Amino acid sequence: MYKLLLIILTPLALFAHMNIAVSYPYIGAITKSIGAEHIDTIVLANGNWDPHFIVPRPSLISKVRNADALIMNGAQLEIGWLPPLIKRAANPKTNVNAKTFLNLSNYVALINKPQSVNRSGGDLHPDGNPHFHLNPNNILVLAKTIKEFLSSIDIEHSDIYEKNYADFSQEWNKKLTLWNEKMADKKGTKIIQFHNVLAYFLEAYGLVNIGAIEPLPGIPPSSKHTLNLIKLIEDEKPYAIFHDVYHSTKTAQFISSKADIPLIVMPHDVGALESVEDLTSLFDYLTSAIK
Amino acid sequence: MKKLICLLLVASSFLLADTDFDQLKTQMSKQQLTIQKLEEKIEKLESANLIQEQTPQIQSGAFSQSKFLPDISLIMDASYVNRNKKDSEIGHLEVPGVIHGLLGSHSDGDITHSTYNANSGFNLNYAELAISSAVDPFFTMDAIFHYSQNGVEIEEAYITSTVLGHGLKVKMGKFLSNFGYLTEKHHHLWSFSDMPLVYQSFLGLHAINETGLQLQWTAPTDTYLMVGAEILQGENEQMFGRAALGDEENPIAGESSAPSLFVAYVKSSFDIGDTTIFGGISYASGSSRLDYSGLEEPYVFSGDSSLYGIDLLAKHYLDSYSYISLQGELLMRDMDGVQYDLNATGDVVGNANLRKKQAGFYTQLEYQMNQSYKVGFRYESIYKNDVISDGINQNEANNLDKYSAMLEYRTSEFARFSLQYSRNNALYNEDGVQQSVNTLIFQANIAIGAHGAHSF
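Residue numbers (the numbering used here), protein chains in the order written: chain A, 1 to 291; chain B, 292 to 747.
Because the hints were derived from the structure by calculation, they are not lab data.
Careful, some of the hints might be misleading.
[As the list claims (entries may be wrong)] Ranges of calculated distance between the beta carbons of each label pair, as one might list FRET restraints: (1) A:Ala109 to B:Ser663: 29 to 37 Å; (2) A:Lys250 to B:Ser379: 47 to 55 Å; (3) B:Tyr700 to A:Ala166: 51 to 59 Å; (4) B:Tyr599 to A:Leu263: 49 to 57 Å; (5) A:Ala109 to B:Pro361: 26 to 34 Å; (6) A:Ser288 to B:Trp481: 42 to 50 Å; (7) A:Ser275 to B:Ala744: 31 to 39 Å.
None of these values were measured; they are calculated from a predicted model.
Don't be surprised by glycine CBs; every beta carbon is placed ideally from N, CA and C.
The shape of chain A in the complex, shown without the other chains:
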């Protein structure tokens, strides 16, 4: 009987710590840097999965149910999987309008906003490209946003969050200088992608995306589009195909061999590749892709 009580009460005792559920690993990494030992970060999505298609496993319902706050990327990236979890978890703290709910996309300037939204144009994001964390400059904005969010829901520790943020941004600024130097002579380099996941990274360093293997966002490759792309590559001579980790590289390999262009797998989040353990290694990897 005591054992049973212990089993039931142990998770309750954990509530003394704030449980912050976050949708993607990169948010978890920033949140952990700011919150440190005062929070527990619960990451819902796997870093090596397509962020658009996370399976809303029932185990995630429990994670949202037990969360004291929820931080999401927003800009419709979670539209296909997070709403049913929030609905089923029935946790007032993770309701969209709760002050313990944070939508990061409200704090950054989105690019690639479509002129008109119609599904004949593929699976478009009406608010703009949601992969904004891949501009390393945005990480600072997001860290500041998360710092302010944590301070607002846990005033008691706000000095600590403030300090952790100051340390984080100092470190990050050093890295930014390093990455800027590394990427300075890469401006104008043309690349091809599977899906425009790296839009913000390209924008940050002046790289140019000239085409995608998907004919339209969310639509699988077609042979006609692939042939057109090979022609485009032969005309424009881009540096490489930057490929995400979650789509099959079959079409890309075909293009790579036909058009004689290197295929480089690019991580989009922490955990996307085994070597990408944290935010720093993510951008170290991305900024090393072009030799």
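Chain B: place on chain A using the hints.
Same frame as chain A, but now just chain B:
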């Protein structure tokens, strides 16, 4: 305007010019600067003007509420069906001791029932309109309207609480019960075009779709554990019902108190790496008032029924777009009551104590290959069919099984096309001879509007 100022300035500069050429040069360059500055000023003024012109005071939208428009989606389901039996024949086939008329369209008194894919050739199964939105800070509301050739049905219309906390959630209105795995899912979320045999023959096309109240509680544990209970009106035509039978003044069986159907379940889930295991046990109990007075051999049934369900799903993800899953449900029912046989004028001509102990299952294997293709196989059987009348087992057939295979192709998340072949050995004709019904269904299921995120 700019040009004019330019000319004037240049002209004046000439008029005022000194004879000294160098001086003239420096003056000219000075004046060029002045011109530039003036030009900039003019441009600024002009653009400011433009902005003013572009922002007229619009008053017509002052009371517009379009921002509050709920999420709306429309789902259409159409099919082409080819069977080895005529439509006129199919509606008369029965699962002996379980259900009269399983497939096709058949009339029961004044009401015409028809299943999905009822007719040979083309079918428009439904156009489903789904509307949902937050009501206020405390509730959300969802409504699903089923438009079909039989009319419009409010399939669901309910409110859900959002602020109770402690893992509690309350639903009220008309909704699909959360009994078992498949009951809660709408047709367009099923992997196969038709409902499993055991569900359809025990409960009908919409399984448990009732008006009532649902309470669910998710435990504060790391492992998913959910307990739920539902109090429902009890209006299922095949297993549960509460309306009086016979004529109103002198009924054969009086109406049972309302609400008359109770459902309870426990569900749990855990992950092993990239594999998710999800399972549950369910129980439903209620009064049965079943009216078969419209049949050729008319009778009514009055009694109590219980339904037990076990469901299990194992899903292994290969990557973001492909998985292999094995899923199955076992349903057992126990109906206990009295069967009143009627004559053509509706008078009772005999009665017998009737006990039905029946059980069946379905099990399906699915392989989602990539974003576009999926294949699936399903085997199902009603393996227990004990119909006991006044203590005597009627020895009804219990080798009732069905095999199906399907191939699905999606052009996107919003458009699904599937081809399904099934062989159904569970049907008997009116002479009691077993029939094999082979069915080929080509189905198109298309959605527009709000992005419908699927629950697990």
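Against the structure, the hints come out as follows:
The hinted range of 29 to 37 Å is satisfied by A:Ala109 and B:Ser663, whose Cβ atoms lie roughly 35 Å apart. Taken as a hint, the range 47 to 55 Å holds for the pair A:Lys250 and B:Ser379, whose Cβ atoms sit roughly 50 Å apart. The hint said 51 to 59 Å for the Cβ distance between B:Tyr700 and A:Ala166, and at roughly 54 Å that hint holds. For B:Tyr599 and A:Leu263, the hinted distance range of 49 to 57 Å is satisfied, since their beta carbons lie about 55 Å from each other.
As the Cβ distance of A:Ala109 to B:Pro361 is approximately 29 Å, the hint placing it in 26 to 34 Å holds. Judged by the Cβ atoms, the range 42 to 50 Å given for A:Ser288 and B:Trp481 holds: they are separated by roughly 48 Å. Checked against the given bound of 31 to 39 Å, the beta carbons of A:Ser275 and B:Ala744, roughly 32 Å apart, stay inside it.
Every hint, counting from the list given before, is met by this structure.
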